[in-house]
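Protein sequence lines, in the order shown, are assigned to chains Y and Z. Residue numbers for the first sequence follow the working numbering, beginning at 1 and rising by one. Residue numbers for the second sequence follow the working numbering, beginning at 229 and rising by one.
Calculated directly from the structure, the hints in this document are not laboratory data. There may be inaccurate statements among the hints.
[Said to hold, decoys possible] Computed, partial: chain Z to chain Y, Cβ under 7 Å:
1. LEU231
2. ASN239
3. VAL529
4. ALA532
5. LEU533
6. GLY534
7. THR535
8. ARG536
9. SER628
[What the hints assert, rightly or not] Each pair of labels, with its calculated beta carbon distance range:
10. Z:ILE499 to Y:GLN123: 54 to 60 Å
11. Z:TYR237 to Y:GLY68: 33 to 39 Å
12. Z:ASP494 to Y:GLU144: 52 to 58 Å
Fair warning: this is a prediction, and the values are worked out from it, not measured in the lab. Glycine included, every Cβ here is placed at the ideal spot set by N, Cα and C.
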Amino acid sequence: MESLIKTTQLCRYFGTEAIQVKALDHVDLEISSGEFTAIVGPSGSGKSTLLNLIGGLDNPTSGKVELGGTDIAKMTGTELSNFRRDHIGFVFQAYNLIPVLSAAENIEYVMLLQGVAATERKQKVEEILEKVGMQGLGDRRPAELSGGQQQRAAVARALVSKPDIILADEPTANLDSKTGIGLLDMMKQLNEELNVTFVFSTHDEKIMERARRLIHLADGEIEEDEIR
Amino acid sequence: MPLTLVLAYRNLFRNTRRTVLTSLMIGCCLAALILTDGVIKGMLDVMIDSVTQTFAGEGQVHRKGFRDSLDTDLYMNNIDELEATLKADKSIAGYSVRTIAGGMISSSYHMTGGAIYGVSAEQEAGVSKLKQAIIQGSYLSDGDAEILIGKGMAELLEVDLGDRLVVTLAQVDGGDLSQALFRVSGIFQFGMRELDENVTFISLARGRELLGTGQGAHEIAIRFVNAEDAEDSNLPIFKQLSRNGNEALGWLEINPQIGAMIEMVDYSTLIVGLVLYLLAALGIINSMFMSIYERIYEFGVIKALGTRPGQLIQLILIEALLLGILGSIIGLALGGALTWYFSVHGIPLGEFEFEGISLADKIRTIPAVNQFVVFPIWVLVLTVVAGIYPAIFASRIVPSRALQRAL
Chain Y
1 MESLIKTTQL
11 CRYFGTEAIQ
21 VKALDHVDLE
31 ISSGEFTAIV
41 GPSGSGKSTL
51 LNLIGGLDNP
61 TSGKVELGGT
71 DIAKMTGTEL
81 SNFRRDHIGF
91 VFQAYNLIPV
101 LSAAENIEYV
111 MLLQGVAATE
121 RKQKVEEILE
131 KVGMQGLGDR
141 RPAELSGGQQ
151 QRAAVARALV
161 SKPDIILADE
171 PTANLDSKTG
181 IGLLDMMKQL
191 NEELNVTFVF
201 STHDEKIMER
211 ARRLIHLADG
221 EIEEDEIR
Chain Z
229 MPLTLVLAYR
239 NLFRNTRRTV
249 LTSLMIGCCL
259 AALILTDGVI
269 KGMLDVMIDS
279 VTQTFAGEGQ
289 VHRKGFRDSL
299 DTDLYMNNID
309 ELEATLKADK
319 SIAGYSVRTI
329 AGGMISSSYH
339 MTGGAIYGVS
349 AEQEAGVSKL
359 KQAIIQGSYL
369 SDGDAEILIG
379 KGMAELLEVD
389 LGDRLVVTLA
399 QVDGGDLSQA
409 LFRVSGIFQF
419 GMRELDENVT
429 FISLARGREL
439 LGTGQGAHEI
449 AIRFVNAEDA
459 EDSNLPIFKQ
469 LSRNGNEALG
479 WLEINPQIGA
489 MIEMVDYSTL
499 IVGLVLYLLA
509 ALGIINSMFM
519 SIYERIYEFG
529 VIKALGTRPG
539 QLIQLILIEA
549 LLLGILGSII
559 GLALGGALTW
569 YFSVHGIPLG
579 EFEFEGISLA
589 DKIRTIPAVN
599 QFVVFPIWVL
609 VLTVVAGIYP
619 AIFASRIVPS
629 RALQRAL
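Just chain Y, with the same shape it has in the complex (with noise of 0.2 Å):
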């Protein structure tokens, strides 16, 4: 299968000369398009800094990172914005919806921004809603929301782009394991609907039982890349 993600050589180093911390050193990496892979390790083992340079949020030090062929370096600052708007949708831990605008104006940011018209952006709206099982709840702004249904909200913006892509670091992080749970089987499921292509972080054991591939990294080298 064609690679969707590949990362070649790719490091990330902090700091100056004298008091470098490779984040990332060296990371080969390929995922195919339809994956559900986790990227897991301890804390400080690299799983974010690979996540932002695979966004594209992050530049590497050395190494490429090509996205559908695409080598993201070589893209000015507004291909990137372009490129990540309509090939990457993000979930954050601590679900990041934007506090003014309700969950429904949330998820229609990102059509917003791709230039989609207001009707439709409304219909595919209420679609994404039910698909992640918040019917009704459109309307609440984030503050009225409770964690997983703020992070079921992030999800839905992550998917309303129709991205290629969903990069979700340690989305589970802020929730409790039962409703965390809920949200990776929801995601799972979405993966096998949609062939959306999945990549999160994690250290939760529970959580890393549900990926098909688990990509172990310890300081910024994968030690193990695990398919089951």
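Here the structure of chain Y is known, so what remains is to put chain Z in place on it, guided by the hints.
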């Protein structure tokens, strides 16, 4: 409402107190500018009024060269013709024919030099405020022995109503000295030191007789139906009157210092405006930065979602514009109310003199369209311009840094 506008509007009211305070600051600056402009316009109006309405008139006709030299030999002979022209013009509300000569005014105790104006009582009442300026005695009635003197001159000569004064002046065309006895029939006070201490008024007939000008005169002061007409130096009536060696000029040309002052006033409004706008701009920039720093994590998120730098700039600038609109509404309401209040009740400044002109004890603000249209537009432009720097800063936020540990 477009989502971006909704987002900008709601962002603005995340911290209502800060938004209200910043809007108040913008509003106060706008109100201060509106009020300052109103006061300056009011002062200028009083000043122009003092110059034109008090005595000089809105236009004057002289023999060429008289204004510069005050040579009494330079008098106009064709007064009847000039009067006929003035009477026929509908833009003229009134005029006053005057003889003017420097002379000596002596009382029983003192003597002083001054200008002796010969005027027609009726004509003068329609042009200057001499009649209203009488504080003691009575106005002229074209009597031979009556003379009006200013309060300052009365004090200098130590004379009162009914006291005798001897006026000595040189006749025109190299004639002899003329001397005549008058009785103080009235004392005036214009509030302009130059007039109150140095000018006397006698009847036009007596003035002509003493000077030997026949039916001639040195000056015709003109009042227009529309005072603004006199500001146009190309006015046809000025051209018609400027014949046979005479020159007719509007008050702006007669008093170029007032024209310079009007120009200066425009600059001072500009300077006041710039200072106020600068203060407001700093406040806006500070407020916008505080708002951006509070939301830096969120900017990381929306950039990660694919918001282009230009779209982020647009969002911040819309927020700035909304802030400006809010500030302008406050400023217009506050400035409008203050300008209206002081246009009715005036600002008590006490009596003071500027350039020899006594200004009224109350300056009444003058509202103008530009204060309520141009100034707020500038405020809106300013708030958007002040928002550019914070907007560019926000657009350059690196998502991974803004998001810190999280994605």
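**Request:** Using 7 Å as the Cβ threshold, decide whether SER628 (chain Z) counts as touching chain Y.
**Result:** This interface hint holds because 4 Å falls under the 7 Å limit.
**Asked** Hint check: is the beta carbon of ALA532 (chain Z) less than 7 Å from a beta carbon of chain Y?
**Response** ALA532 (chain Z) check passes; min Cβ-Cβ to chain Y is 5 Å, inside 7 Å.
**Prompt:** Any CB of chain Y closer than 7 Å to the CB of LEU231 (chain Z)?
**Reply:** Check passed: Cβ of LEU231 (chain Z) comes within 5 Å of chain Y, closer than 7 Å.
**Asked** Taking the beta carbons of ILE499 (chain Z) and GLN123 (chain Y), is their distance inside 54 to 60 Å?
**Response** 57 Å, holds
**Message:** For the hint 33 to 39 Å, verify it against the beta carbon of TYR237 (chain Z) and that of GLY68 (chain Y).
**Reply:** Taking Cβ atoms as reference, TYR237 (chain Z) and GLY68 (chain Y) lie about 38 Å apart, which means the hint holds.
**Asked** When the nearest CB of chain Y is found for THR535 (chain Z), is that gap smaller than 7 Å?
**Response** OK, holds: THR535 (chain Z) within 7 Å of chain Y, min 6 Å.
**Item:** When the least beta-carbon distance from LEU533 (chain Z) to chain Y is tested against 7 Å, hint result
**Value:** 6 Å, holds
**Message:** Is 52 to 58 Å respected by the C-beta to C-beta distance linking ASP494 (chain Z) and GLU144 (chain Y)?
**Reply:** For ASP494 (chain Z) and GLU144 (chain Y) the Cβ distance comes to about 55 Å; the hint holds.
**Asked** Holds or violated: is the Cβ of ARG536 (chain Z) closer than 7 Å to a Cβ in chain Y?
**Response** OK, holds: ARG536 (chain Z) within 7 Å of chain Y, min 4 Å.
**Item:** Hint check, GLY534 (chain Z) versus chain Y [nearest Cβ-Cβ separation less than 7 Å]
**Value:** 2 Å, holds
**Item:** When the least beta-carbon distance from ASN239 (chain Z) to chain Y is tested against 7 Å, hint result
**Value:** 6 Å, holds
**Message:** Min Cβ distance, VAL529 (chain Z) to chain Y: is it shorter than 7 Å?
**Reply:** 5 Å, holds
Every hint from the earlier list agrees with this structure, and none is contradicted.
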